[in-house]
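Engineer: Chain by chain, the residues run as shown.
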Amino acid sequence: MTDELHDSPARVRLPPQPVIGPVTLHVASGPLIAPVLSRVVSMILARADCPVDRLDEALILCDALAAHVPPHSRDGHISFRIDARAGTIELRVAELGHGGASGLIADAELPDVGNVIEHFSSSRRIEPAADGTGEELVLDLRFGSASPADGRGSA
Amino acid sequence: MTPDLQLSLPARAENIALVRHAFGALGDALALDEQLLTDIRLAITEACSNVVVHAYAGREPGPLEVDATVRDGMLSVIVRDEGPGIMPHPGSPGLGLGLPLIASLAESVELGRDELDRTEVRMAFALSGAGTDHRHT
Numbered sequence: 003m004t005d006e007l008h009d010s011p012a013r014v015r016l017p018p019q020p021v022i023g024p025v026t027l028h029v030a031s032g033p034l035i036a037p038v039l040s041r042v043v044s045m046i047l048a049r050a051d052c053p054v055d056r057l058d059e060a061l062i063l064c065d066a067l068a069a070h071v072p073p074h075s076r077d078g079h080i081s082f083r084i085d086a087r088a089g090t091i092e093l094r095v096a097e098l099g100h101g102g103a104s105g106l107i108a109d110a111e112l113p114d115v116g117n118v119i120e121h122f123s124s125s126r127r128i129e130p131a132a133d134g135t136g137e138e139l140v141l142d143l144r145f146g147s148a149s150p151a152d153g154r155g156s157a
Numbered sequence: 013m014t015p016d017l018q019l020s021l022p023a024r025a026e027n028i029a030l031v032r033h034a035f036g037a038l039g040d041a042l043a044l045d046e047q048l049l050t051d052i053r054l055a056i057t058e059a060c061s062n063v064v065v066h067a068y069a070g071r072e073p074g075p076l077e078v079d080a081t082v083r084d085g086m087l088s089v090i091v092r093d094e095g096p097g098i099m100p101h102p103g104s105p106g107l108g109l110g111l112p113l114i115a116s117l118a119e120s121v122e123l124g125r126d127e128l129d130r131t132e133v134r135m136a137f138a139l140s141g142a143g144t145d146h147r148h149t
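Chains as they are written, first to last, in my numbering: chain Z, 3 to 157; chain L, 13 to 149.
Any given hint could turn out to be false.
If you want the footprint, here are the derived chain Z segments under chain L, 3+ residues with CB under 8 Å [what the hints assert, rightly or not]:
id : stretch
1  : 21-35
2  : 40-51
Between beta-carbon pairs, the in silico distance windows are [said to hold, decoys possible]:
id : chain 1 : residue 1 : chain 2 : residue 2 : range
3  : L       : 46        : Z       : 51        : 28 to 36 Å
4  : L       : 13        : Z       : 17        : 35 to 43 Å
5  : Z       : 12        : L       : 136       : 40 to 48 Å
6  : Z       : 14        : L       : 50        : 23 to 31 Å
7  : Z       : 116       : L       : 127       : 45 to 53 Å
8  : L       : 70        : Z       : 62        : 42 to 50 Å
Hints listed in this document are in silico derivations from the structure and should not be mistaken for laboratory results. In this text, a Cβ means the ideal position worked out from N, Cα and C, and glycines have one as well.
This is chain L alone, in the form it adopts within the complex (with noise of 0.2 Å):
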């Protein structure tokens, strides 16, 4: 299924405001409750942090991928890269509670691995009051 939204760019920290920008702009077309839009934002730059953080330490910064689709109520995203995958970090500067906090925020979490072998993290929201279908035909 061809996403509503697909965002592109380097997995970089002063990327990820662009990201939470992005969604901003799409909770305002989708007319999305203020504090629903936070917590997808929030669960959003959660996994795009993860990206930054740990999918290409020790080298060049690869792509991040950020996918949205709107379908029968429900916001689904994925955040991808094309990092090793989604591993303890022992020595993160981090306190390990990225993971924790999108589950607590998202109706369901997904990780796992594309057909491409990139890694995703995948997340669905119900847009309660704003569940349309964006796809314009």
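The following block holds chain Z by itself, in its conformation from the complex (with noise of 0.2 Å):
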């Protein structure tokens, strides 16, 4: 069947909008997150052109921050910030204890895997909250030019 529209040489394809600004979720602790979080990332780093098997990487990264940020809330809910910039997103996880960064990443230790949130994160570095009540966690994914691997291991 002949479909001219489609056919047309004068069709235009518009590339994908990206996600503009900060985007800032905030979570009940429990089985909210998970979906909620991995729909979110996928879409910011589809719409900022991230390699699908980064965007795959991605998803497991935040599959492992939902399975293991629950017990390190500070008070039932947890904060997620998510800012693209260019080749990279910045995936800040707040309303954490003091202490719950560091046993965030610990608890993301998976026998004969390692650790899941060290091995898909390029760089990570931890905060204190700006409140002085406990700190935040902000994991580095990048997936411009420089491959995702490069900042693997670094702290």
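With the hints as a guide, dock the two chains, each given alone in a separate frame, to form the complex.
Structural biologist: The following block contains the structure:
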């Protein structure tokens, strides 16, 4: 069947529009974290032209965060701040209790696999919460010209 | 009451799809009926579109905030902005059907301002068969 619209040489393919600005997710600690975080991060990465293999790794990272973050929540909720820049996104996990960031990383250790957070993030740092009541884990996920593996293991 | 899910992002057209995706995930987690989830997402899309088109018209887009809370078999959604409030827009490019559409899809709709003088559209949806409290203790 001929489809004149789709066969037309005048057809224009519009590029995907990137998500603009930092996105903050504040989620009740529990079963909502995994599906919501994964969907939001995957959409931001896809619109930022992240390669599929790196996107897949980012989703594994999100699953690990969702699985291990609840015990480290400061007050029953977790905040994620996702900021896409050229070739990288910063994923900030906030509202963690004191020691929560390092505890979260430690909990992501899998037998025979290693540490999922360390393996799939390009770099990591721990910062005190602005209000001094806990701490935040800041992960960078690079997917630009630099190989995602370049930063692995750095902290 | 702290919402189960709160999304905060710049009120830009490109970002409305992100809100829809987040509520798709919420619907999956709550095992919502597909038609109900479609209605919820449509109502939220309309409310977010109103924010994008009207709340910050003529200036840099400000924040769009969407809260979702599940209690007692009801999903309460608040779409919030820092614009001047909801008022008639005779020159609007739309058909002016947004709020009536939301009203037809939701169990209840309230328009107002919060304690910080932000504009709010509050919607409630009955989660028949899926009304569970998703707080994690």
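Engineer: So, for every hint listed, does it hold in this structure?
Structural biologist: Verification of the supplied hints:
Only residues whose C-beta sits within less than 8 Å of a C-beta in chain L count toward coverage, and the stretch 21-35 of chain Z has 14 of them, enough to reach three; the restraint holds. Restraint check on the stretch 40-51 of chain Z versus chain L: 6 residues with Cβ-Cβ distances below 8 Å, three needed, restraint holds. Distance hint check for residue 46 of chain L and residue 51 of chain Z: the Cβ-Cβ separation is about 31 Å, which falls inside the suggested range of 28 to 36 Å. In this structure the supplied range 35 to 43 Å holds for residue 13 of chain L paired with residue 17 of chain Z, their Cβ-Cβ distance being about 41 Å.
Hint check: residue 12 of chain Z to residue 136 of chain L, Cβ distance near 46 Å, so the stated range 40 to 48 Å holds. At roughly 29 Å, the beta-carbon separation of residue 14 of chain Z and residue 50 of chain L lies within the given 23 to 31 Å, and the hint holds. For residue 116 of chain Z and residue 127 of chain L, the hinted distance range of 45 to 53 Å is satisfied, since their beta carbons lie about 48 Å from each other. A hinted range of 42 to 50 Å holds for the C-beta pair residue 70 of chain L and residue 62 of chain Z, which are about 44 Å apart.
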